[in-house]
Structures are given as C-alpha cells and as structure tokens.
Amino acid sequence: MKIHIKNGHVIDPKNNINGKHDVFIAAGKILSIGQLPNSFIANHTIDASNLTVCPGLVDLSARLREPGEEYKARLASELHAAVAGGVTSLACPPDTDPVLDEPGLVEMLKHRAKQQGLAHVYPLGAMTRQLQGIALAEMNELFTAGCVGFSQANQAITDTQVLWRAMEYAATFGFTLFLHAEEPFLAANGVAHDGEVATRLGLKGIPSAAEALALASILRIAKETGAKVHISRLSTAEGVEMIRAAKAQGINISCDVSANQLHLTEHDIAYFDANCHLKPPLRTQRDQDALTAGLKDGTIDAICSDHTPVDDDAKTAPFAEAEIGATGLELLLPLTIKWAQQQNLSLAEALRFITCSPANILGIPAGNLSAESDADICIFDANEYWKIEASQLKSQGKNTPFNGLELPGKNKYTLVRGQIAYPAAH
Amino acid sequence: MQNPQLDSDGNLRHLLSIEGLPKRILNQILDTAESFVGVAEREVKKVPLLRGKTVCNLFFENSTRTRTTFEIAAKRLSADVISLNVNTSSQSKGETILDTVDNLIAMHADMFVIRHAQSGAAHLIAKHVPPHIHVINAGDGRHSHPTQGLLDVFTIRKFKPEMHNLRVAIIGDVLHSRVARSEIHALTTLGVPEVRVIAPKTLLPSQVEKLGVHVYHDMREGLKNVDVVMMLRLQNERMNGALLPSAQEYFKTYGLTQEKLALAKPDAIVMHPGPMNRGVEIDSSVADGKQSVILPQVTYGIAIRMAVMAILAGGQPAQQAPASEGDQ
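So the protein sequences, as listed, match chains A and B.
This note's numbering puts the first residue of the first sequence at 1, with every later residue one more than the last.
This note's numbering puts the first residue of the second sequence at 1001, with every later residue one more than the last.
Please keep in mind that the hints were generated in silico from the structure rather than gathered at the bench.
On a predicted model such as this, the values are computed, not experimentally measured, just so you know.
C-beta atoms are modelled at their ideal positions from N, C-alpha and C, and glycine is treated no differently.
All clues stand as given, with none of them false.
Chain B side only, calculated, beta carbon under 10 Å to chain A, not exhaustive:
no. : residue
1   : Asn1003
2   : Pro1004
3   : Thr1096
4   : His1116
5   : Ala1122
6   : Arg1142
7   : Ser1144
8   : Pro1205
9   : Lys1210
Use the sequences and the hints to build the structure in full.
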C-alpha cells in the first residue's frame, strides 16, 4: 500500500523538520518527505490540510494489564486507546499478574500485542524476581525475549546491596534500568503529598524527602557502577535539582515526568477525588513549576502518560482504599500540547518529549520520520479543542481526573507501519 | 466545584465536615441545639420532628458511645433507628460500602450516620446517594468528626459565651485526630482569635499551622493564659513505638495534671472527647475536678445530634423545639 499524506505541516523534532511537506509511504516505510518519489502512485491519499503530521508518539509508561488483570483492561482495548491517542510505541511496566520475570511471559505478550496490529509494545522486564527486590531476574533471557529494559514498577528496593548488584549486572550488558524513586519506609501507607492538603483531609502523607532519599541512593550507586538508569515519574522540585546536578557530574541518567504532574497539584484532590490517587502523589505548585523548568532546560527528558487503567469498582472506595492510577494514553498528546501552550513552547519543542526523546531512552527505532524507518505517524489538529468524556475513551479504564475538561490537540489519524490504525476501518 | 454539603439554596444537605460550612450554618446548628437541651429535661423526652423517618447508623468502625448518642438523638426526634456494625469481616466478603448503602436505601432509609476508618468515606457515600437522602459523618479516618467539633464549641459557648475573646489549647495526638481537625475548623470559623495546638512533633501533621493554629511543643508554655483546655485521646497502639517511647513519658510531658492546669487561666475549663485514658493524657483529679466539663459535653452531644438531624430532615431551622408529644 502506498500512502500520500498531502498538505500537512510536518514536525519531526529528531530531523529538525518543521514545515509544510507531503509525506510518501510505501511498503510500511517512510519513502520520502517533500520530494515526490519517481513513479509514485498512491493507493490512498490523506488530506492533512491544517493538520500536523508528526512521528507516532512514544510512551515510556503504559500499563496494559495483561496478563492477569483483564478485568481492569485488555491488550485490545488499551492498544486501541494507544492509537486513538496517536501513540504508536509504548513501554509497559512488569507489574502484571504474573510479573514479567519469565521469558515465556514476555514472548507471549509480544506475540499477542503483535497480533493486534496496533501500537508496538516494548515490555520492561522485572529487574528482580517477582519484583521482590531479592534475587535478580534473568535479564539476558528477558532481553532476548523482547524486553527493552528492566524495572521494579512501583515496588521499591529496600536492600541497597541488591540495587548495587542489579546495576552492576545491567551495566555489564548495557541494559537500562527504569526506576521509580520512592523510599518505601517513609512512604509507607501514604496516599497523598505530605503537606497542607493531606493534613486538612486527614490523609497519610508521602513526604518529598521520600523521593530525594531514594534518588540519592540510586544516583550514588549509578555513579559507582556506571549503570544506565532512567528515573520514571519524577515528582518533586528537589528531585529535579538532584537530577540536574547528577547530569552535570556526567552520571548516565535520564528521567521523565507524568503528564498528570504537569497539570495537577495536591489541591486537585478537592473532596477526595479518587481519580487523583496517583503514584507519585500529586505535589505542590512549586514542584510543578520545577518539573516544567526541568523539561525546559533538558534535566527531564520525556513526558509519559503513566497510563494506568482501573475498573470503576476499584476507584469507588474511600480515597486511601481506591486503587492507584489514571488512564492516560488518549490524553498524552492533548495534555502535552496544553502544557506547551501554557509555557509558550513551540509544538516542535513539545513533541520532542513524546517522540524522539523517549524513543532514544528505550533504544528503539521510533519517534522520527527518517527515510526508510517504519511509517509510524500521528496526524492531529493542534488547534481543535475537544471535551474529555471518560465514557467515550477507548481505554477500558474510565478513570481520569481530567473528565469534562476541554483540551487542545485532537488526533485524526494514526499510522502504524504504513497502515491506518486509527480511525479503525469499518 | 459545588460544596457537597450544601444544596443549591445554601442549606445544609449533608454534614460531612466543619470545613466548608459557613458561620451562619454553624450558628444555626448551635442555636437549634440550644432549644433541644431542654427536651431531655422534660418528662416525655420526645419530639415528633422525625416521625416516620428511618435513620440508619452505619458503623464500619466500632464505637459504642458515638453510636449510642446518635441513637438516642434520633429516638428523641421520634425516628425509627437501625444500627448496623459492619465489621471488617463482612466487608472482606466482597461487599463494597456502596453496596451496603444501596441495600439500605432499597429498604427506604432516609438518613445515614456513617463512621468509617478511612478519611473521605462519608463524602463517597454522600456523592452516591439520591438527593432526598442525607448523610451525617460520625467520624471518617483522621479527617473529620463534625458533630464532635460542634458539641465542643457548643460546650465552650455555654461556659465561655464570649467566643471572640478566647484562647483555646488543643493538646495531644493531632496527627491522627479527626476531632482536633473538626475543633480547629469550628473554633476558627466562629471567630475564636487564638487556637493553639500542643504536642510533640511526631504527633503533629505537616504544615498544621496552615489550619490557622499556633504550634507549641512545650505544654507549660502553651497552657499559659488559655481559657479552654481541650485534651485529645491517645490511642493505645501509638504509645510504644516510633511516635512515642512510652505512655509514662507522654504523661510526664503532655499529660494534664493539676499542676500544669494551674498555668492556664484560673477559670479555664477542661474538655475531653472521650473515652479518656486516665493517667496517660489526663490525671483523674483533673478529669473529675471542678474545672472539668467532660460530662456536660456528653449531654450536649445529644442536643447537637438532634439539631443536625432536625435541620437535615426539615430543611428549615427549628428555632424552637416543638412541644413533646405528651404535652399536646
């Protein structure tokens, strides 16, 4: 199939393309941009007038809930949600049931995801068996099975000896570790940022120091072992400062922030809105400003959706008992665009955080429109505002703190390997 | 965002927390309670305001005292009362709290009195019930216990009517206390100019000063010149661990004794929400002493709960308690 995307405004941050060009696709690959290839006759033409054409988005953290938690979400529902949101590649954390600590499970997941023919799924394997933080998982076997990195999901490692060994072992083979920085004893039973709102609402707090303490251990051990570490979902001003200093020292580190953290603070919990029960917890305005500054100066490398679909029953409980998470795949693009507008950043600057930069962290060939690369493309209207209606989302999880909000940036077409994955053909 | 406690006309729809209620509503409840204090002293202790209504006490966390006072209050208003202790074992059978509530709504309950170990439980139920059903929070986690806060300010108003000229000290485990939070909001809303909290740092929540209180760690310093001394209960499980080394040490530093009470104003009153740990947070001689108003608190608690139920059920302020049924 040959596709001609015409009259669109192409933004490819990786290749510094930002202008009105036509895109030509053949056999699932990008053939060229701008220049009509010789003897190219399109089977299908997409009119992208007034639309932006960019690389398919890359999400560093999206839970698909398979295997084992199909009542929360299914591979099919979530991969449909991904392409509806313009996401064509995503990394999924290993906290499934069973945990992704066996090559067979990873192969099965990759296989089942591929059958869907929608977004590409890049599993993060468990760093330790059962995520227990005791014994290392078979990283090489898992890598061969398709894992692109290793993670503890939301489980912290309390034993610094194990953390040290895990980093040494990962560094031996050049694997990236994706770690969430939260010191588990200080954070124990906490459900909200330890501050004004938690105090008023009588919720057990998670102090900012929990992130700083965990980060201090991780950074120190990363420096010692030379391991490649990615910090998932940074949440505090102090954390940003520590990463900034670590990068200045030459420590091999990258990090991301969840789109939720860029728009919400502890105050959004309001009257115990369980959709704001997130991990890390929503923090203060000062933290949010620091996260934004961190993105602007390159301290923070990427924005992720932290997509975590939860079934309604699990959210219909008192705040502390409500399950953690918010659905996010379909909101990553609009939340990033809205953030960029608020910060007076250009679309090209903002798209970098959800295309080439996360692809680079995962080490996958995605997030750009280079010739001969897979034709994974997102075509959206940057100026169209749409109202988030949870019930209309493709994700099986309808849990979003943004329900009812009008956001800019409506995805129109998603192409995966040169096939139109969204909207679905009828 | 709509205040979940008020209807579109600004009348009380649910009582979930003191925070968010205007002074006008607090005064309405206190004034209505005033008229109910006398009902208990009549020969027939019953008024027909809630006749034909069903009040359901739904206690997910055990409390004999609070449940009993709500029961008495509802019965004095002539309501039919059901009390359910939904212990954790039936919860673990898989029924959610909203399932439980739905079943009771199907049995035509008109009002729910909810106690739950988790902050926000009463809000969750209030959001769920249809418009004609009212929810009263009888304590949710560490968040709020509004009728306790109200009965405390009612008691203070009785003994110290000049609210705008008072110094009040709240002493003890503020961190885990829904009572303290409710008292602080009630006092500051009613214009008490100085509210102090006195506790070790381990028993104070972060940024507690943002609630509008002055923080003291030294009890002797904090008690100076106060008009009202409000003690908080210290739970047994918090006495020996990372929060406090021992009950004995706590009593020495933060227990209320005659000697420490002497630092407050000579006519200061002593309050406690009960149940008391004698010899831990309060010395028996103080608890039973002449400055103690702990038992009047209990009596007024019934009037306050009657007032809240009457206002919720009637939608109108009951300025004067109606005649008892026997008087008619």
